[in-house]
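Visitor: In case you want the letters, here they are:
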Amino acid sequence: MSALIGLAAGLLLLAWERASPGKAPRRRQWAALAAVAVALAFAVLAPPRGGGPGGTLVFDAYGTFFSVVVLIVGGLTLVTLQETCEQLDLPTGELYPLVLFALFGAMLAGMAGELLLLAVALECSAACARRLSGRPWLKHPDTAIGGLLLAGAAAVFAATGTTGLAALEALPVSDDGPGALLLVGLGLTVAGLAGRAGAAPFHLASVGLVADAPAPIGGMITAAVRAAALAALGRVLLSLPTLAPHGAEALWWLSALSLLAGSVGAVAQTDLRRMLAYGATANAGFVLMALAAVDAGGAASNPRLSGVLFYLLAHAFMIVGATSALAALARGGEHRTTLGDLAGLGRERPWLSIALTVCLLSLAGAPLTMGFVGRFYLFAAAAGGGLYGLTAVGGVASVIGAAVYLRPVTWLYMREGDTADLPATSAGYAAVAAACLFLLLFGLMPGELIARCLSGLLSLGAG
Amino acid sequence: MSPLLPAMILIPLLGAAACMARPGGKGRYAQAAALLNALLAAVMVALFNPRDPNVQFAVSAPWIADLGATLSLGVDGISLLFIAMVAWITPAILHAAGGRAGGRSGRYLGWLLALEALTIGAFASRDGFLFLVFWDLQLIPAFFLVGIWGGEGRARAALRYALTAAAGSLALLVALLAVFHTQGGASGEVSMLLVDLTAAALPMETQIIVFGALALAFGARLAMFPLHTWLPSLLATAPASAAALIAGTTLPLGLYGFLTFSVALAPQAAAAAAPWGMGLAGIGALHGAVIALGQRDLRAVVAYTLTGQAGVAAAGMFALNAAGLRGAVGVALSLGLTTSALLLLAGMLHARRGVWSADEFGGLARVMPRFAVLGLVITLAAAGAPGLSAFAGIVLSLLGAAQVSHAAAAVAAASVALGAVALMLTFQRVMFGPLSNWRNKALPDLSRRELVVMAPLLALILLLGLAPGPALDRAAPAVARAAAAVAPFLDGWSAP
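Protein chains in written order, with this note's numbering: chain A, 1 to 463; chain B, 1001 to 1496.
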């Protein structure tokens, strides 16, 4: 329901843009925000139901939880987007429909119980993401990843005659395991989802997409569009318990590669948008690390995987918080997101700096933040599954990550810089303040949220 | 349910918040919070029942049920002593740093208070997860103290320290997860409480992972060879008062971790690793003392004698018998006191002349007689002279080590002697000889304020030196428990 509200509002805004191009952008911002707020209210208040027609869409607690994540990201992004684009002299006309369509696709992907729909939903949000970051709709390496997903769905269909997750799980298992074509199809699907999530070795397409876009757009793509693929991967693995272990080895390698490529890539960056983009690859690696520990028992025997949901929400707050803070620095047509632009900010804008520091510390996994609890769960899942080697790789990536995310903090507080013509205040302040509040609140008292994540996870086994 | 421990964590945290709330403020509340905490520590020491081997002043509240984490605080004899030490040196350090004469801002004092609170929290944690949280958080004040107020290369030094510490934290996380994972198989109930974690008898393979990871984490904090390199670089950059509190809290915390976690969680692996640990401790002790001999920078002398003495403490600890373990606690307590005192004294010289090199001074005893007397007592205490704080701990550590390995004990004893030579040589360079540098001719002696700073430290050093019994006896039950945990696995290593 909430996804449909997003879609309808996006269409209306698109019609509005066609009727009167470029007028009253603030009003459009408010309209989009209102749509997200109504959708969020529906997602939170409406009780989760069972499957939709033929199991193509599943309105379970898992999908609802992820819809909430997406809508929070969307709401915080919409708060800052207009002002940042004004500072950067970018037109905002078709921005709002695109943002809403991207959110719609992401929510749909979190609820898709069918591989073909999953591919289409992810492609919908990814295409909007490409457009939003000023890239071509089609001619981009990112498009090829969508091809992997479609090919995977086709192969699965050719092997079994269905692409529905419930139908696939219900297939009789022969003694010598699943057929080669089915495995190829599933492998392509897993690879495509990992690619959509920005995992290595597909990460360069994703980094290139995010790194040069305005900070709020980059944040939304990372925290909603990329995260949707991770949520979908979790659903696919846990809905197909008999097939999931066959993909574990591939996930092991994808995770290890992402952890190392992401964190090592981030070390060398001086622009924070690019740094966060590489960091998102490492974060995808952390989630994949936990998913690689999935065993044949389905959701009920993998309770630690609820950490995936927790971490996706945590990551959403951290990334959107950090990018909102960065968005507040944009002025005079320039992004101003390099390390040098942070110098002296700790003195000039103490509250903004504290908020950005909280987000960065959470990304580094410091305690009392959601990042710490989430990371703890992911490590516990991987170690619990006996993946000690991968856990060690995750440990190395964490230490490198600490270096990555503490470096901007040293620039904030330990160097002097030119902070003239900083905007006095900005909508970004509100977004980053809200993100920080939740990071600390759920970092200190995560109990209730963990219970929600667990019930979200267990709803996968129920349907 | 005793409110004492939560109060001792919350009071400095509130003081820190009050100091930081006003960026231009001078931090008037800092001193009040620290003094109140020192008073509470005195109350706690007075009320502590030394004959009761159980955890005292225990408080517990549910926290994250799914992880089995609880907000569980309490002290045994060892953590009692360390908490009291931290609570008693903090007011002196704050007094040195704050006020008009100290010249540090309210924020600086706030970070110092935060460091105190988080260290006390780590010592008081009776829950593995809570300990991990405090242990990790404890890095953040140190990171900012060094990075913002440090000398040249401060951002780099802060980052290096934070990374060493982050690696250690991660090792601690891995160790806890390895223990955690063995729980909850049949019943599904998990608990991070220390008593429950230690109750599980782990298989030897897991114990090796746990002990190795913990050794990385705690060895780095204890500045054990070869994980000691962050300490000299940190002390060379940090402001004297921050360096005093960081060194005074970090090294004891490392030792405490070994005694409380490593030995209890992985006794069999600890016993197996003891010869190796003893060897490393001996090398570290000698290495620190020898390098200290060649140093001219006052802070470097302190830093390397410190790593040397940490080696002596480690040698006593890896003896894994009652004498050695008690000695290790004594050395660590004394380290906290003498290191802070020495660094504060060096800071006072630096405040007068702006230099750290011993060669810049000479003959100061003539112009600064009070400083010379005070300096002599504290240097002697750090060197391990009888009747002063380090003596009992060093003797017990060496005795404990000698019971298992004469060679290691001899090496450790030699390092104590060399460390003493390094300290006394430095003292001689600064205090005696001709007053040749004209800049030193008119240096003022200790002011009343500086005497107030040093008085409590001096009193504690004398108290621990003249009557070590009451202090070390309080640690005895906890030490005995640790020794009993490993005793079945020692097999000829630690004959009584």
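Please note that a few of the clues may not be correct.
Said to hold, decoys possible - Heads up, incomplete: computed chain B residues facing chain A, CB under 7 Å, no partners named:
{"#": "1", "residue": "Leu1137"}
{"#": "2", "residue": "Gly1147"}
{"#": "3", "residue": "Gly1151"}
{"#": "4", "residue": "Ala1162"}
{"#": "5", "residue": "Leu1163"}
{"#": "6", "residue": "Leu1170"}
Don't read these hints as lab results, they were simulated from the structure.
Using N, Cα and C, we set each Cβ at its ideal position, and we do this for glycine too.
Visitor: Of all the hints numbered above, which does this structure not satisfy? Sort the numbers upward.
Guide: 3
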